Each structure stands twice: as structure tokens, then as C-alpha cells.
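Please build the complete structure, drawing on both the sequences and the hints.
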Amino acid sequence: MKTDLILAGVGGQGILSIAATIGMAALDNNLYLKQAEVHGMSQRGGDVQSNMRISDNEIFSDLIPKGGADIILSVEPMESLRYLPFLSKDGWLVTNTTPYNNIPNYPNEDEVINEIKKQKNYILIDADSIAAEIGSKRSSNIVMLGAASPFINIPFESLEEGLRKIFGRKGEKIVDLNIAALRAGRKFTEENR
Amino acid sequence: MQKLLLLGDEAIAQGALDGGMSGVYAYPGTPSTEITEYVQASEYANEKNIHSKWSANEKTAMEAALGMSYAGKRSMVCMKHVGLNVAADAFMNSAITGVNGGLIVVSADDPSMHSSQNEQDSRFYAKFAMIPILEPTNQQEAYEMAYYGFELSEKLKVPVMLRITTRLAHSRAGVETMELKKQNEGSLPENPKQFILLPAIARVNYKGLLANQINMEAFSEKSDYNNYYDADDKSLGIIACGIAYNYLMDNYQDKKLNHPVLKISQYPIPRDKVNKLLKDCDKVLVLEEGAPIVEEMLKGYQETGTLITGRLDGALPRDGELNPTLVAKSLGLDSVNDIEIPSIVEARPPAMCQGCGHIDAYLALNEAIKEYGKGRVFADIGCYTLGALAPYNAINSCVDMGASITMAKGASDAGLVPAVAVIGDSTFTHSGITGLIDAVSENSPITVIISDNYVAGMTGGQDSKALGKIEDICQGVGVKPEHIRVFKPTKKNMEEMIELIKEELAYDGVSVIVPRRQCVQTMRNKELIARVKDLNL
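Quick note, the sequences are listed as chains A and B, same order. Residue 22 in this note's numbering sits at position 22 of the first sequence; the count goes up by one each step and never skips. Residue 144 in this note's numbering sits at position 144 of the second sequence; the count goes up by one each step and never skips.
I should point out that these hints are in silico values taken from the structure, not numbers from a laboratory. Hints are not guaranteed to be accurate.
The list that follows gives simulated cross-link-like pairs (lysine-lysine, PhoX-like), each with its CA atoms no further than 20 Å apart [claimed, not checked]: (1) B/K234 with B/K207; (2) B/K255 with B/K234; (3) B/K222 with B/K273; (4) B/K256 with B/K234; (5) A/K2 with B/K255; (6) B/K526 with A/K170; (7) A/K165 with B/K3; (8) B/K256 with A/K2; (9) B/K374 with B/K469; (10) B/K488 with B/K469; (11) B/K488 with B/K502; (12) B/K234 with B/K157.
In this text the structure is predicted, and so the values were computed from the model without any measurement.
Have a look at this one:
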């Protein structure tokens, strides 16, 4: 049993918080874990990704081979397409629909969405709006984690527990908001897959 | 023993702490920065007074680590691959002095240049210096090698290189720790002349280093990190060095690997094991991250004997990082997926942050320099290198730490006047001061812009040695006080900045301009804000 995820986004969008939560949950379940991050110059508003691998068997490579990812979890729509060569033929593309437009030649948004809709398995979710409804705009990354959670081989309660550990020192209120965000994301996927 | 979730960098730091390290010395540089930051944040390290403050550059770090070794304690020095060029003088000679306390030199290479100007392979340096290399395959080995590296260094009496690459440095996995070792008591070297490299002594030491090679090979031969896995199908044998071993094994998660494999994680390469593989197999594929250094050693100049294949004959790409997919191709395994990135996807290069002071400095410089024409701005290593990109297109060079000032000087010697250098505050104290001395001693007509944001920004806001000292340093090396000009780079001050830069460009001598505004990424760093307030900047 393994899950290979590619987390995608733009530097500063919070994909490392997603990774940390999954990592914490994986450790609690005594799973093997490898998670490759991007640090340094490329963090400055450029495209960033994290390769995350969870398994009950030993994992060798820190990098996911082409065609090997079970999930692309992207917090930005165009970025979700950048890693398509890595998605397995039965894999899921789960992406936020809100663009992060910090380049002059950002493509037409409808065309980006149409390209995503060409995939076999996809979830398109407006995580920013859902996060705003909950009252925590900054939790849209956790909404995304919730949206991808049905495809991750880790019990949902462990992800909630992971959030408690990661956000615990920021206080009960922040923890509750993030758990609400996680649940809202999961609910969306369950109703729309 | 506990299990921790650690980056490869953090695993090295924890391994060194548990292995009895008394101090780490470093200058920040991706992908090595997190090693030292981990020690800085460690309660245990603070309690035990284990040194972890940043050094001015990699050379001063290497020398300080050697000094700690001289005094009998275990020390570690960490840098990125190009940092080893800066430290090279001290590094090469540390192999001749040898060590007293164990000394580990961590060099973190960056194949595929994720955050660097080249992808040089540090193993060449260790081979050049004739010292052992430990090259971990995973985070657990990274931990163990830092732990065990001190002992190896003390037994062989030479520094040991711990070589990692970006992928391991910045990837997390579970690591099991080992029993905490005590730090060494201080002690002077047994031979009081060991560290005096006068020619007569150096010659003796060098003969000792040469004679020591056989011991290093013996350690490699029986190392737990060099493993020979025999198998039936000898039409192909595989040598997998360090992290390349993972990419090999990843291709055999669901099928049997029936070729003999030699995993190498300790150098010099284990001669007997390598010879056995060469003798037994018809062909040998060499998988290594970085340059084809082992492949070249085995291949030599003549195409005779066992066929050696790898990066040199195109089985693998000559440059760039390895990955499971490339290794699959070299083994003749089918690639699962040949989907391309949709053409609608645009590149999203990194950029300077919104509100960054470097941006305003560049806008003013671009305007002020217009009348002289293009091609005269020499920049340096840091976030401001991103001024090369549109819409700024503000710089014409970026070569190595400190090269802005010296290249501007050389260009002005050739008649390109005025020439401008752009360098950050931390890069200035790393390697800019000596260049400024050269320029001052000839009163070269250059304008040096020291873009001061109070920190080493690109690596994540580490302390800058230049904080509050730039004007004093410049005046101290002889820049005339009236040509040291400080301003706050903002949109509001634009006209004033342009005027000021124009004045200094017109001056026939060395001027220093300091645009000064705090890095926007550090606005929540209360300690820094308090220090800046104290210094009245």
C-alpha cells in the first residue's frame, strides 16, 4: 500500500504545511515516508513542488518516477498541469481553481480549466471561496488537503490529529478552523467525484 | 533510541551532535544551510555551548574548524559546493596538516543547478586532496555518517568529506538516532610541528598522506556502507554511488533485480570489490549523481577489457540530476508514461518579492545609468541576481561571491567607465572587501552599490556580518567619506536616488552607494528589528 503525491503551487502558497500534516499523520501510522522539498532561490515566487511518498514498505527514491504519482495536489490550476508527465494513468488530479497570477503571460483561465477537464480523474475545487466561507482565507491549502484526502491511504482522523500537532501552538481557534477546512474539502470531493 | 522526521541536512546535524561535535562552522548556502540552522536551534547544543554562529565566508569557516580540530575537539564545517572553492586553500592544506580532533567537511552539491551557478562535483576535491569521502544514500546514512565520520577522521588522522546533493539535503524521512557520545576533552597535537606547513615539514606530512592511502582503501573495503550484492545474470553489473542507489532500487520495487550490484558510499572506491565486479561481468553500468568520476576512473583512456557504460557514452545524460526515470532508461526498462506538459503551461521563474528594496535600487540605477549606455553593471550572488530578469534587465554578470567589485574594476581598467558593481551586504563581508581594497589602491572609477537589507536574504534571512558596519568598513579601507552615500530605496525617494547615483557615476574614483531597507521577508523577526533600532540604522 503506497501513495505517491506531487504537491504543487507557487512559492509561499503553503504546500509545505500540507506536506507537514501528511508527514505527521504518516508517522503516527508507522508508515515509511519520504518528502523532497524545494528551498533556496526558487522559493521566491517561482513554481515549487514537493514529492511526497508514503508506504508500508521501504521507500528508496526521494523522487517519484514519471507516470508514478497517484495524486497531483495543486493549490493553483496552471501549476497542476506542469506535473502531468508524473501522473499515473489512473491517478487523480486535485486542484484549486483560483489562479495565482504573478507573471505577465498567464494563460487564459478558461483554457487552463478545459485542459484539466481533459484528464481522466480530476477534482476542481474553489478552495479559496470555501476557506472564506469558513472564515479563514489562509486555510485554503488545508481545504485542498481535505479535497485530496479520499485518495490518500491514511485514515482521515490521522490527518485531523496531524493538524492538531502542527497548528497546536497557535491556539485552539486556529486548530478548529483548519479542521473545519479539512472537512469542507473532503466533503466537496465526496459529493463531486 | 528515538525516531525523528528529518531533512537530510538535519540528519547530518543531529548525527554530528550525537557523535560528540564541539562546533559547526559555516556560511549559509543552498542546499547546506539547514545543517547549521538545526544546531543553532538545538537546546542541547546551546546548553553544551556547542559553537554554531555563522562565519564570514567558507574559508574562515574551514580554518576555524581546523583550529578546533587542532585543539583536540571534534568539529564540522558545512558549505555548498561552490563554497568549497572559497575554502579550497584551507581545505587542500588541511589534508597535509591532518587533524587532531575529528574533522568533517560537509559539501552539498547541487546537480541540475536548482539554486547555483554550476554543478561541480565535490568528490573531485576530496580525490584531489586525497582524503576519504562518505556519500550517504538516505537520511539514515546521513545521520550515521556524521556520527561515524569523526571517528574515521581521528583513526585516519585526516579530514573526511561528507558529500551530499540537493535531493538528500532537502528531503525528509524517518531517522533512528544512536547513543549520545561525549565531546572530546581538549588536547594539543602529539607532534607539536604537525600543523606547521613549512616546506621541510610539509614534505614529510605529504609523504605520510601518500602512505596513508592504503589505510583509507582498507577502511573502504570493509566499510558497512560499501556493499556487494551478488546475482546470477552477469551480462551486466551495476555500480551505484550514494543516492543513485535509490533510483536503481526504485525500479525494482515490484520485480527481482538479477544483476550483481556494488553500492558505493565510502571512498576511495573499494578496489577489491570493484575488481571482482569488473572480472565477473561482461558490462558494468555506473550510476553516480554529479560528474562521471568513478566511470572515468574505471574506463581510463583505453577501450579495452570490461565495457563500462554510464554518463560518458550517453546511457545517462552527461549533466543534471539523476532520477528513477533516467535510471530505468539506462537499464533498458520501459518508461511508463510519455505524456508531455501541456503547451498552455507557462514558465514561472522566481522573482524578487513585492516591496523588495533591491527593486527600487535597480529602478533608480537603470534610470541614472541610461546616458552611459548598456553593459556596465556587474552583479553578485544573492536575491538581487534576479535583477537579470525582465522587467529590470539591470545586470550584466553574476559569477562568484565578490566578483562584482573586482570585475567592475577590471572592466574600468579596460576603459569601460563608469563601471558599476552591485553586491549585497552579506556577500560584501563574505568576499567583497578585498576587492574594494584593490579598487581603492588604484582609485578605479567604479561605483559600488552595496544593497543592504540587513540579512543574507536568499538563504532565508540569516545574520549578516555587515550589519551596522558597512560605512565604517568602506571608510576603513580608504573610500573617501564624501563618496559613501546612504539612502532608503523607496518609490517616493526615486528622484533623489537617481540624482545621487548620477553624481557618483560622474565621479572619477571609487564611490560606494548603500541603498538600505530591511528585507521584506524578515518583517516578523523581532530580534533583528530590535538590533536595527539599537544600531540606529
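Each hint tested on the structure:
no.	hint	in the structure
1	B/K234 with B/K207	violated, 40 Å
2	B/K255 with B/K234	holds, 17 Å
3	B/K222 with B/K273	holds, 10 Å
4	B/K256 with B/K234	holds, 14 Å
5	A/K2 with B/K255	holds, 16 Å
6	B/K526 with A/K170	holds, 18 Å
7	A/K165 with B/K3	holds, 17 Å
8	B/K256 with A/K2	holds, 19 Å
9	B/K374 with B/K469	violated, 32 Å
10	B/K488 with B/K469	holds, 16 Å
11	B/K488 with B/K502	holds, 16 Å
12	B/K234 with B/K157	violated, 39 Å
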